[in-house]
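**Q** Starting from the known structure of chain S, arrange chain L on it as the hints suggest.
One letter stands for each residue in the lines below.
Protein chains: 2
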Amino acid sequence: MPRIKFTVSYDGTDFCGWQRQNHGDKPSLSATITQGLKKIFDQEISLFASGRTDAGVHALNQVCHFDTTRPIERLKGFNLSRAMKTQLPSSIVVKKAWLAPDDFHSTISPDKKTYRYLILNAPQPSVFLTRYADWVYHPLNLDFLNECSKFVVGNQDFKSFQSVGTEVPHTVREVFDAKWEWRRPNIAQFTITGSGFLKQMVRNIVGTQLLLERKHLPATIMKEILEAKDRKVAGPPAVPQGLYLMRVYYPLDLDNRCLEL
Amino acid sequence: MPRIKFTVSYDGTDFCGWQRQNHGDKPSLSATITQGLKKIFDQEISLFASGRTDAGVHALNQVCHFDTTRPIERLKGFNLSRAMKTQLPSSIVVKKAWLAPDDFHSTISPDKKTYRYLILNAPQPSVFLTRYADWVYHPLNLDFLNECSKFVVGNQDFKSFQSVGTEVPHTVREVFDAKWEWRRPNIAQFTITGSGFLKQMVRNIVGTQLLLERKHLPATIMKEILEAKDRKVAGPPAVPQGLYLMRVYYPLDLDNRCLEL
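Residue numbers (my numbering), protein chains in the order written: chain S, 1 to 261; chain L, 1 to 261.
Quick caveat, the hints were computed from the structure, so don't treat them as lab data.
Some hints could be false.
Okay, derived cross-link-like pairs now, SDA-like style, lysine to any residue, Cα gap no bigger than 20 Å in a straight line [unchecked claim]: (1) L:K85 to S:K26; (2) L:K85 to S:T130; (3) S:K95 to L:N121; (4) L:K229 to L:P169; (5) S:K85 to L:Y137; (6) L:K96 to S:V136; (7) L:K96 to S:W135; (8) S:K95 to S:K223; (9) L:K96 to S:A122; (10) L:K95 to S:N121; (11) L:K95 to S:R3; (12) L:K95 to S:P123; (13) S:K38 to S:T68; (14) L:K95 to S:I187; (15) L:K96 to L:S46; (16) S:K96 to L:M1; (17) L:K95 to S:V136; (18) L:K95 to S:Q124; (19) S:K96 to L:Q124; (20) L:K96 to S:Y137; (21) L:K85 to S:S126; (22) S:K26 to L:T13; (23) S:K95 to L:V136; (24) L:K96 to S:S126; (25) S:K95 to L:H138; (26) S:K95 to L:S126; (27) S:K85 to L:V136; (28) S:K85 to L:K96; (29) S:K96 to L:W135; (30) L:K85 to S:N121; (31) L:K85 to S:P125; (32) L:K85 to S:Y137; (33) S:K96 to S:K159; (34) L:K96 to S:N121.
Looking at chain S on its own, in the form it has when it is part of the complex (with noise of 0.2 Å):
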């Protein structure tokens, strides 16, 4: 069966994350790009993402992928993207769409991942960033947050910044780079890519650091969190609505084999 990769961007706002969650009535992300997705091709669809995100946090690139009973022949010059415009509501756009070989899987084939948090330092809350930013008033040290970052570069156990209830068993990831920078004279980005991450890891990280900032604590507590193992010595996860999912990488082996449609 022809099987196909697309990237899809969203805003997380109105969905309780994509996976669905036992709570609350507002759909997920994977079931609602599912439903279109059955619509388009009259058939069961089985989606895989590259991971899921929680709720409110947002995606610039998650990749995913299906496999599809149509043939071929039917699929080449297919706009999936187009298609699904007609299916999804406008917080999800698929971007774009490849025929992907049989050995590419979304969520097992990517070697690292990208993401971003965004906050706006200013002495108001804006309206229009309420649903895309955390906000934080007192002028945030940047060169401070950077020296905590140095910290989280490396592989390493993450044991630490992993939230309670979701443990896997393998809690050691790979962080390449993590760099705090100003992204307009008021809102600070962190830029965080890594081998994998674990569930709230880029939440909790940036929450640490944003207390250990606050409180004017050493940025060597964070190697001291690291070392500790432990979830209940970090400090709580940042807000969802700064996350964005920004890009995903695949082995260049694999993207040399998809065919864009």
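**A** Positioned in the frame of chain S, the structure of chain L alone reads:
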């Protein structure tokens, strides 16, 4: 009674407009803000604004005023912005407040207003801008749109750009400035400043200009439409979510007699 002037910013998406409309079940901005003021001041409130914005239209600095029974001594240093934060949804933020002279009236006193209109000009829509901008996918010709805008500037009858069903007798207004420019490489912005605006006048002007641009019609048609003084010859209004009330200007003499709280 002391008169309080304040500026307020709002995301108009989830409101039926400034004033309650007959249709729809969304709350009005006016009712939501009045409700908050009632709670804080524990009195009936007559709230006035510089003008009414339509459903879906945003404001960066709408100007309002009301009179309070609270004595002036208990208002000095009173932080209206902070007090209202507990009463309002995150889509409405009171920015600043002043003690205004008795002859200040937010609706009657303005001598000019600035509106802005945003358009995402890109092959695909953005999930983060559907609430905040119109979307045009073909590359916009801003030079042409600026040609059209020239005809709008001046002291003239804007009857052709007044929405039907809401006629006012005097349809002459002065537009001081109207200009298109690239806000970012893929976001076009139209900024218009005038002595006052008729119902949906900015959206009708933008919608008509976009129609002429899309259909490759001559810019001079703008002049003909103005001269016709007939709403039926103009184009449809541009969508409300692209429009922002940016600033309301009052005579310097009044501004100088307002005391910041």
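**Q** Take the hints in turn and mark each one as holding or not.
**A** Hint-by-hint comparison with the structure:
Note on L:K85 and S:K26: the hinted pairing is violated, with a Cα-Cα distance of about 26 Å set against a maximum of 20 Å. Between L:K85 and S:T130 the alpha-carbon distance is near 13 Å, which keeps this suggested pair within the 20 Å criterion. The hinted pair formed by S:K95 and L:N121 meets the criterion: a straight-line CA distance of about 16 Å does not exceed 20 Å. Restraint check for L:K229 and L:P169: the C-alpha separation of about 13 Å stays at or below 20 Å, so the hint holds.
In summary, the hint linking S:K85 to L:Y137 is supported, as the alpha carbons are separated by about 14 Å, within the 20 Å threshold. About 19 Å separates the Cα atoms of L:K96 and S:V136, which keeps this hinted pair within 20 Å; it holds. Between L:K96 and S:W135 the CA atoms are separated by roughly 19 Å; this keeps the pair inside 20 Å, and the hint holds. For the suggested pair S:K95 and S:K223, the alpha carbons sit about 39 Å apart, so the restraint of at most 20 Å is broken.
As the CA atoms of L:K96 and S:A122 are separated by approximately 14 Å, the hinted pair is consistent with the 20 Å bound. Proposed proximity of L:K95 and S:N121 is supported: the alpha carbons are some 16 Å apart, at most 20 Å. Proximity of L:K95 to S:R3 is assessed by CA-CA distance (about 52 Å); at most 20 Å being required, the pair is judged violated. For the proposed pair L:K95 and S:P123, the alpha carbon gap of about 10 Å is at most 20 Å, so the pair holds.
A threshold of 20 Å between alpha carbons decides the hint, and for S:K38 with S:T68 the separation of about 10 Å falls inside it, so the pair holds. For the suggested pair L:K95 and S:I187, the alpha carbons sit about 19 Å apart, so the restraint of at most 20 Å is met. Annotation: proposed proximity of L:K96 to L:S46 holds, straight-line Cα distance about 19 Å (limit 20 Å). Restraint check for S:K96 and L:M1: the C-alpha separation of about 61 Å exceeds 20 Å, so the hint is violated.
Using a Cα cut-off of 20 Å, the hinted pair L:K95 and S:V136 holds, with the two alpha carbons roughly 16 Å apart. Annotation: proposed proximity of L:K95 to S:Q124 holds, straight-line Cα distance about 8 Å (limit 20 Å). Restraint check: the Cα-Cα separation between S:K96 and L:Q124 comes to about 10 Å, which is no more than 20 Å; the hinted pair holds. A hinted pair counts as satisfied when its Cα atoms are at most 20 Å apart, and L:K96 with S:Y137 qualifies at roughly 16 Å.
Distance restraint check for L:K85 and S:S126: the Cα-Cα separation of roughly 12 Å lies within the 20 Å cut-off, and the hinted pair is therefore satisfied. In summary, the hint linking S:K26 to L:T13 is supported, as the alpha carbons are separated by about 19 Å, within the 20 Å threshold. Distance hint between S:K95 and L:V136 is fulfilled; the C-alpha atoms sit about 16 Å from each other, no more than 20 Å. Distance restraint check for L:K96 and S:S126: the Cα-Cα separation of roughly 13 Å lies within the 20 Å cut-off, and the hinted pair is therefore satisfied.
For the hint linking S:K95 to L:H138, the alpha-carbon distance of about 17 Å falls within 20 Å, and the restraint holds. Our distance criterion of 20 Å between C-alpha atoms is met by S:K95 and L:S126, whose separation comes to about 10 Å. Between the alpha carbons of S:K85 and L:V136 the distance comes to roughly 15 Å, so the proposed pair stays at or under 20 Å and holds. Only pairs whose Cα atoms come within 20 Å are accepted, and S:K85 paired with L:K96 is rejected, the gap being roughly 41 Å.
With a CA separation close to 19 Å, the supplied pair S:K96 and L:W135 stays within the 20 Å bound. Only pairs whose Cα atoms come within 20 Å are accepted, and L:K85 paired with S:N121 is accepted, the gap being roughly 17 Å. Using a Cα cut-off of 20 Å, the hinted pair L:K85 and S:P125 holds, with the two alpha carbons roughly 10 Å apart. Distance check on the hinted pair: L:K85 and S:Y137 sit about 14 Å apart at the alpha-carbon level, within 20 Å; holds.
With a C-alpha separation of about 35 Å, the suggested pairing of S:K96 with S:K159 is violated against the 20 Å cut-off. Only pairs whose Cα atoms come within 20 Å are accepted, and L:K96 paired with S:N121 is accepted, the gap being roughly 18 Å.
Violated hints for the displayed structure, listed by number in ascending order: 1, 8, 11, 16, 28 and 33.
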